[in-house]
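Visitor: One line per chain: the protein sequences are A and B, in this order.
To convert, note that position 229 of the first sequence is 229 in my numbering; the numbers rise steadily by one, no gaps.
To convert, note that position 191 of the second sequence is 191 in my numbering; the numbers rise steadily by one, no gaps.
There may be inaccurate statements among the hints.
Calculated cross-link-like contacts (lysine to any residue; reagent style SDA-like; alpha-carbon spacing at most 20 Å) [stated by the list, open to error]:
1) Lys174/A with Lys113/B
2) Lys265/B with Asn299/A
3) Lys142/B with Thr272/A
4) Lys113/B with Tyr71/B
5) Lys174/B with Arg31/A
6) Lys174/A with Thr272/A
Restraint-style ranges between C-beta atoms, simulated for each label pair [said to hold, decoys possible]:
7) Glu136/A with Ala213/B: 55 to 61 Å
8) Asn277/A with Asn12/B: 29 to 35 Å
9) Gln52/A with Gly119/B: 38 to 44 Å
10) Pro291/B with Thr103/A: 39 to 45 Å
11) Gly300/B with Ala262/A: 24 to 30 Å
12) Asn277/A with Gly119/B: 46 to 52 Å
Honestly, the hints are just simulated from the structure, not real lab data.
Predicted model only: the values in this text are computed from it and were never measured.
C-beta: ideal position from N, C-alpha, C; glycine also.
2 protein chains.
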Amino acid sequence: MRVAVAMFGFGNVGRFFAETISQKREILADRYGLEIVLTCVTDTTGAAVSAQGLDPGVLLDAKRSDGGAAYCPQYGQPGIDPRSALANARADIVVEATPTNMTTGEPGLSNIKLALSSGMHVATASKGALVLAYSELMQLAKERGLALKFAAAVASPLPTIELADFALQGCEIKSIDAILNATSNCILRSMETGAGTFEEALKDAQRRGVAEANPRLDVEGWDTSGKLVILTNALMGKVSLNEVERRGVDTVTPEMVKEARAEGKSIKLLGTARRVNGHLELRVVPVAVPPEHPLFAVNGIQKGISIDTDLAGRLTVIDGGAGPLATAQCVLRDVVNIARFHMR
Amino acid sequence: MRVAVAMFGFGNVGRFFAETISQKREILADRYGLEIVLTCVTDTTGAAVSAQGLDPGVLLDAKRSDGGAAYCPQYGQPGIDPRSALANARADIVVEATPTNMTTGEPGLSNIKLALSSGMHVATASKGALVLAYSELMQLAKERGLALKFAAAVASPLPTIELADFALQGCEIKSIDAILNATSNCILRSMETGAGTFEEALKDAQRRGVAEANPRLDVEGWDTSGKLVILTNALMGKVSLNEVERRGVDTVTPEMVKEARAEGKSIKLLGTARRVNGHLELRVVPVAVPPEHPLFAVNGIQKGISIDTDLAGRLTVIDGGAGPLATAQCVLRDVVNIARFHMR
Chain A
1 MRVAVAMFGF GNVGRFFAET ISQKREILAD RYGLEIVLTC VTDTTGAAVS AQGLDPGVLL
61 DAKRSDGGAA YCPQYGQPGI DPRSALANAR ADIVVEATPT NMTTGEPGLS NIKLALSSGM
121 HVATASKGAL VLAYSELMQL AKERGLALKF AAAVASPLPT IELADFALQG CEIKSIDAIL
181 NATSNCILRS METGAGTFEE ALKDAQRRGV AEANPRLDVE GWDTSGKLVI LTNALMGKVS
241 LNEVERRGVD TVTPEMVKEA RAEGKSIKLL GTARRVNGHL ELRVVPVAVP PEHPLFAVNG
301 IQKGISIDTD LAGRLTVIDG GAGPLATAQC VLRDVVNIAR FHMR
Chain B
1 MRVAVAMFGF GNVGRFFAET ISQKREILAD RYGLEIVLTC VTDTTGAAVS AQGLDPGVLL
61 DAKRSDGGAA YCPQYGQPGI DPRSALANAR ADIVVEATPT NMTTGEPGLS NIKLALSSGM
121 HVATASKGAL VLAYSELMQL AKERGLALKF AAAVASPLPT IELADFALQG CEIKSIDAIL
181 NATSNCILRS METGAGTFEE ALKDAQRRGV AEANPRLDVE GWDTSGKLVI LTNALMGKVS
241 LNEVERRGVD TVTPEMVKEA RAEGKSIKLL GTARRVNGHL ELRVVPVAVP PEHPLFAVNG
301 IQKGISIDTD LAGRLTVIDG GAGPLATAQC VLRDVVNIAR FHMR
């Protein structure tokens, strides 16, 4: 089966996605009987569009040498807006991979709405729109009979939603504990091993490229809170960002780290969702966890999630520390699952 | 959709399965639109059969009070053989949950062949047949266009096959490291904490009901090897039990445990599958793993698997220590997935 994909955003994740569908062409054909074709790629320069399919190699060249999708030979369209680009793309699935914004949700929010109202399934790697409008977007997708998937938006490459969808049949999820932000986790690790202050650890992380120039979203716990809100909406029930009790790693002092270590514990920025007296309680706070905690060994750029269920007990998934290639794999995961389970 | 299930075997896993589909009736209807009905249950007494569906409560009572499925009021058939029972069951899916035998694969092997040749999908909780005849059974299922699933047979409730099927799209699996046998892991833990010999730890485990009276399959590494062979067949490529380099926890001495501890390490019975020079190398041996090993914290009755991939990096899944209820959930997992993806 041919699957036409239009992709909004052509940064690291988008580039790895284009590369991966090209490199894994045979595996995708053998295992799933799928031919995944890019028919549209947008970025800040405009877009490249061809309903017949774009050559990922040529696209990647255009990005590398000329600075954008709009410079793709033959198919580049400088300055074209997403709506016009999509109208010519004849896509089955829209991959939303633009930079995320947790205040406005844009441009992801508009892109996702545009895709769904154009009758296309969506795999999104950006979380802003989902944090702000999870229920609305899911409802929109449901009304149209479309899939809206987001494996890449919540702690990729952890298989969180897939675990619930495909392995926890019949289970009720009692709680979620998770380490979801690599920057915070790196800073904590660096405070643990170097015994410095938060500010020193942050500067070090920025030097190493682990923390962004504006690290607020990460270190104040907003990123973790956003991911936790999406996960809780997907796995446990309706919640919103303002319900999260939030304290970031910027509140952690060397004394707290030292005290934890003396007790054999390790401080983690833990996101937790729990059902308490019938309502959902969400918290993102630095916690000193003991060695027997399932996420004790999640260090540096690793992420982890521990889900407690009534039937299967507790399941914990931890990644090995992953970058944009793994995020692109999550996008591919969603694209393949949409094709297998929603397009046949 | 109505899904008729015939179940071979009515031990702990079978009983929890019957209980679970009864208790989770509403959730299964709401989430998946499924009504799962037992139309046949066999055990050593014979079977209970009703194409219209058996009442799980009545079945469980018959088991508890009267000693077997054959004593189920109205539908019990003492001494009836599986083939005759199945012929009247009009089942869509056969759940194979008889005690496993890794030398003959029976009665699982015959039951699975009977089910597939009768045109029924299979969810098996017993691993013997798969260890001995993985390729043959998969081929048989494929020829008939049927599903053969086995989430409950390999380290339940770890979502191993589901991970590969639904989350690792496009990935090549480079290696598997796993702790798959709770008895061995408990014995090692007890040697670590009590500093006794293997024999003492084994006796203690037998007293606590963690080890069986005949513990050879577990402590000599056969059980781990069998599970590793199934996993490797499913995830990496064709292998057989005699290819496994195997050494069990019965070869671990207090000195080895002490030495490992002195270095901050912990001895685990580690099953590993690796691609070396184009062929698969399988090993089940006690290994002293350091704290940074992804399975270091898997203790006692816990199990864990760590999978290294080219695209998503390393993913590690650890359970919280689980019993027959979790195994029954794995059977339910397979039944639901078969209904969703193979019966519509």
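Visitor: Evaluate each hint against the coordinates.
Guide: Tested hints:
Restraint check: the Cα-Cα separation between Lys174/A and Lys113/B comes to about 39 Å, which exceeds 20 Å; the hinted pair is violated. Of the pairs offered as hints, the one joining Lys265/B and Asn299/A holds, with about 18 Å between alpha carbons and a cut-off of 20 Å not exceeded. The hinted pair formed by Lys142/B and Thr272/A fails the criterion: a straight-line CA distance of about 43 Å is larger than 20 Å. Taking the CA atoms of Lys113/B and Tyr71/B, the gap is about 27 Å. The hint is violated against a cut of 20 Å.
Only pairs whose Cα atoms come within 20 Å are accepted, and Lys174/B paired with Arg31/A is accepted, the gap being roughly 17 Å. A hinted pair counts as satisfied when its Cα atoms are at most 20 Å apart, and Lys174/A with Thr272/A qualifies at roughly 11 Å. Range check, Glu136/A to Ala213/B: about 59 Å between beta-carbon atoms, so the 55 to 61 Å window is met. Look at Asn277/A against Asn12/B: about 33 Å separates their beta carbons, and that is inside 29 to 35 Å.
With their beta carbons about 43 Å apart, Gln52/A and Gly119/B fall inside the hinted range of 38 to 44 Å. For Pro291/B and Thr103/A, the Cβ-Cβ distance of about 40 Å falls inside the hinted range of 39 to 45 Å, so the restraint holds. About 26 Å separates the C-beta atoms of Gly300/B and Ala262/A, a value consistent with the hinted range of 24 to 30 Å. Range check, Asn277/A to Gly119/B: about 50 Å between beta-carbon atoms, so the 46 to 52 Å window is met.
Comparing the model with each earlier hint shows violations of hints 1, 3, 4; every other hint is respected.
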